[in-house]
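Here is how the chains run, residue by residue.
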Amino acid sequence: MAANYWASSQRLHWTFTKPGLAETRRQMEENEKALHKQYPLPEQRLISIFLMHQVNKLAKRMNYKQQIIATAQVYIRRFYTKVEIRRTNPFLVVTTAFYLACKTEESPQHIRVILAEGRNNWGAEIIPDQSKMGECEFTLISELNSQLIVHHPYRTLYELQQTFSLPNDEFSTAWHIINDHYLTDLPLLYPPHVIAVTAVFLAVVIRPAQNALLPHQHQHHAGNLAGALQSLTSPQSAAAIATQAGVHGPTAGAGASGSAGAAAQGRIVKVVNWLAESRIDMEAVVDATQELISLYEVWDQFNEKACKDAVLRFVQARGLDK
Amino acid sequence: MNPPPLYSDPPSPGPTGAAAAAAHSSVSQQPQPQLHTPSKTTTTTANLNDPADGRNMLAGGYSSKKRVTERYEIVGFISSGTYGRVYKARGRDGQVGEFAIKKFKPDKEGEVQYTGISQSAIREMALCTELSHPNVVHTVEIILENKCIFIVFEYAEHDLLQIIHHHTQSARYAIPARTIKSILYQLLHGLLYLHRNWVIHRDLKPANIMVTSAGEVKIGDLGLARLFYKPLHSLFTGDKVVVTIWYRAPELLLGSRHYTPAVDLWAVGCIFAELLWLRPIFKGEEAKMDNKKSVPFQRNQMQKIVEVMGMPTKERWPLLTSMPEHQHLQSLGAGNPRVLRPQGLENWYNACLQANKYPADKPGATPGADGFALLSGLLEYDPQKRLTAEQALQHDYFTKQADPPSENCFEGSRTEYPHRRVSQEDHDLRTSSISGAKRTGVAADDSLMRPSKRLKEG
Chain D
1 MAANYWASSQ
11 RLHWTFTKPG
21 LAETRRQMEE
31 NEKALHKQYP
41 LPEQRLISIF
51 LMHQVNKLAK
61 RMNYKQQIIA
71 TAQVYIRRFY
81 TKVEIRRTNP
91 FLVVTTAFYL
101 ACKTEESPQH
111 IRVILAEGRN
121 NWGAEIIPDQ
131 SKMGECEFTL
141 ISELNSQLIV
151 HHPYRTLYEL
161 QQTFSLPNDE
171 FSTAWHIIND
181 HYLTDLPLLY
191 PPHVIAVTAV
201 FLAVVIRPAQ
211 NALLPHQHQH
221 HAGNLAGALQ
231 SLTSPQSAAA
241 IATQAGVHGP
251 TAGAGASGSA
261 GAAAQGRIVK
271 VVNWLAESRI
281 DMEAVVDATQ
291 ELISLYEVWD
301 QFNEKACKDA
311 VLRFVQARGL
321 DK
Chain H
1 MNPPPLYSDP
11 PSPGPTGAAA
21 AAAHSSVSQQ
31 PQPQLHTPSK
41 TTTTTANLND
51 PADGRNMLAG
61 GYSSKKRVTE
71 RYEIVGFISS
81 GTYGRVYKAR
91 GRDGQVGEFA
101 IKKFKPDKEG
111 EVQYTGISQS
121 AIREMALCTE
131 LSHPNVVHTV
141 EIILENKCIF
151 IVFEYAEHDL
161 LQIIHHHTQS
171 ARYAIPARTI
181 KSILYQLLHG
191 LLYLHRNWVI
201 HRDLKPANIM
211 VTSAGEVKIG
221 DLGLARLFYK
231 PLHSLFTGDK
241 VVVTIWYRAP
251 ELLLGSRHYT
261 PAVDLWAVGC
271 IFAELLWLRP
281 IFKGEEAKMD
291 NKKSVPFQRN
301 QMQKIVEVMG
311 MPTKERWPLL
321 TSMPEHQHLQ
331 SLGAGNPRVL
341 RPQGLENWYN
351 ACLQANKYPA
361 DKPGATPGAD
371 GFALLSGLLE
381 YDPQKRLTAE
391 QALQHDYFTK
401 QADPPSENCF
411 EGSRTEYPHR
421 RVSQEDHDLR
431 TSSISGAKRT
441 GVAADDSLMR
451 PSKRLKEG
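So the protein lines, in turn, are chains D and H.
Oh and the first sequence: position 227 is 227 in the UniProt record's numbering, straight run, nothing missing.
Oh and the second sequence: position 102 is 102 in the UniProt record's numbering, straight run, nothing missing.
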């Protein structure tokens, strides 16, 4: 239910196993061979990054709360597990998902406001009229089985912030890692608290000062995360892991002198011990970390224009913008 | 066969503010769309080899995978409000049993364009698909078809308003104490479930509390309900007016911005009192909003409360003076002697038990002193001191007495309550006549049957 993840529609209906998700997508492709052949797209992970970026773009100018963005991103990801992207106008889907998320997150905006924002971003020739958006809302809700309440990792992150007395920079790093996880399939694969724990673990272990995960640093991040992952999977004592983290995290090593460094190492020990004692699914944490590493790697190949052109090609050729 | 009711519920608050902006509540009461809509829809048989077939989301238009009229046979019309109408239905092929189908109408009659779904409908859909508790009305499915939203609920033969009416109109005796205890017990269980899941109902009133023929109590109408976990904005920002006026908690009347689930427990207190007295305990007159911007102080409603409860004080309610509208309290007594000499809740309670002939000497036949203690714990001015649903359930009223609350509120009762009235005038509902026919709605006394009447403000 709404506050109880274990009884939520998210857990019961919108959580996939990895093979299950792959099979769902394979079947969709199987059913749409001709379309796939006619309108090739960059690989799924790149298109996914592209779509999620579009939500950010839409939200940016109006300074919407991150939770609304995250909810819209989850709607889009769920929707495209059921509907072939080449049969939709993704720009309209993004706009509509955002409009809907504003309502479910109790920050309603008039349909005209969001429509205008969409047209601002992608042009009136791509975003049709209000009626089409209203119709798209029906399609979206119908495909989502009216299951609109989404559980996010941010809630657990706030709790963990208290538990570990996270300083602002680590909290902020964890927050950004959570934001990034929406660019991947992770929201369809793991419970939000697993994501939050993963994000906190990585934030504490990599602990470099560069907490903002800027695009040009992706490779760097992938390296840091790989180091963190190693410490996560090796069966060593918490203290050894703390030291190891100092080795693997370049800036953490530099900052490890003095009391701030000692406090940081203390937190690593605390987090690692906590992880060991908790009944968190460690395999899931490891896998989530790997997904994030692969995100930061694939992000470097991301070319927004190439994705946009490929999407626009089928939208325009098939008259989906009408 | 139902005599005209003594009173009908005042309307639930309509959408205002930001919610209204999204809901564009340009709802007219007059013409009612038909449940059945023209069958000219695009059920395209998908051609897997042709990329240009009708499965394109936009080129083909939205077409529902499920059709209401294929799955349900409409028996008749139950009630209406600004959101739309409620119908009684029977399942077809495989769907067994009776159902109540709530149809959210499009904003404009015969609307050919989609205009965006109202915040209220979105809330109800989102919450209904997640909630599952024996004391909350069960949602069977939600169907989006022809620009309308249909929420299919389990059917309940009665509601509390109708039960209260039966006692004032036909039975002319009080509701048995055991029935009341069972109703409250079940109601509080449903409410505890909602609150534990961070849902405030915000429109509890007799008409929204359903009772099945098996005596199970079920909270209905989540159209004003919302989640309150770490809201992005204050609850007040979203909806300026919540809870039907007679059941509205004092902190809401005094303009509280950050209210809590305690508002629902005040309403439970009002409902408890109403079950005993068969009339609303605080039956004030609503000051209408003259424009959408400002919310008027509900002076008359506050007076009605103070006439019984006495003036709230800073001693009993420490945060009273931080309520935005508290300065209005000073002038409340002007020209109203009853405000200055309040009856007192205990006097009210004892007079009520006496008037309705609850036998004082038979334990179990009267709510007694424990009932009063519970009532005063619910009608506590300070929301922080007011009983929570959990505390109320642990109250002596439920735990101490020899007769524990029953799971069936009709157990031991010989009263036969009339079945929900279903209007048969809507013959054309079952036909496929196109929407847009003018309909003046139902007879004036249908308010008894309205499980959720929500009129537009002003």
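These are calculated hints, taken from the structure and not from any lab test.
From a predicted model like this one, the values you see are computed outputs, not experimental measurements.
Please note that a few of the clues may not be correct.
Unchecked claim - Now the stretches of chain D that chain H is said to cover, found in silico as 3 or more residues with beta-carbon under 8 Å:
#1 40–54
#2 95–109
#3 134–145
Even glycine gets a Cβ: it sits at the ideal position worked out from N, Cα and C.
Going through the hints against the structure:
Proximity of the segment 40–54 of chain D to chain H, defined as three or more residues with a beta carbon under 8 Å from a beta carbon of that chain, is not established by the 0 residues found. With 10 residues having a Cβ less than 8 Å from any Cβ of chain H, the segment 95–109 of chain D passes the three-residue criterion, so the hint holds. Residue count for the segment 134–145 of chain D with a Cβ under 8 Å from a Cβ of chain H: 9. That meets the three needed, and the coverage hint holds.
Of the numbered hints listed earlier, the single one contradicted by the structure is hint 1.
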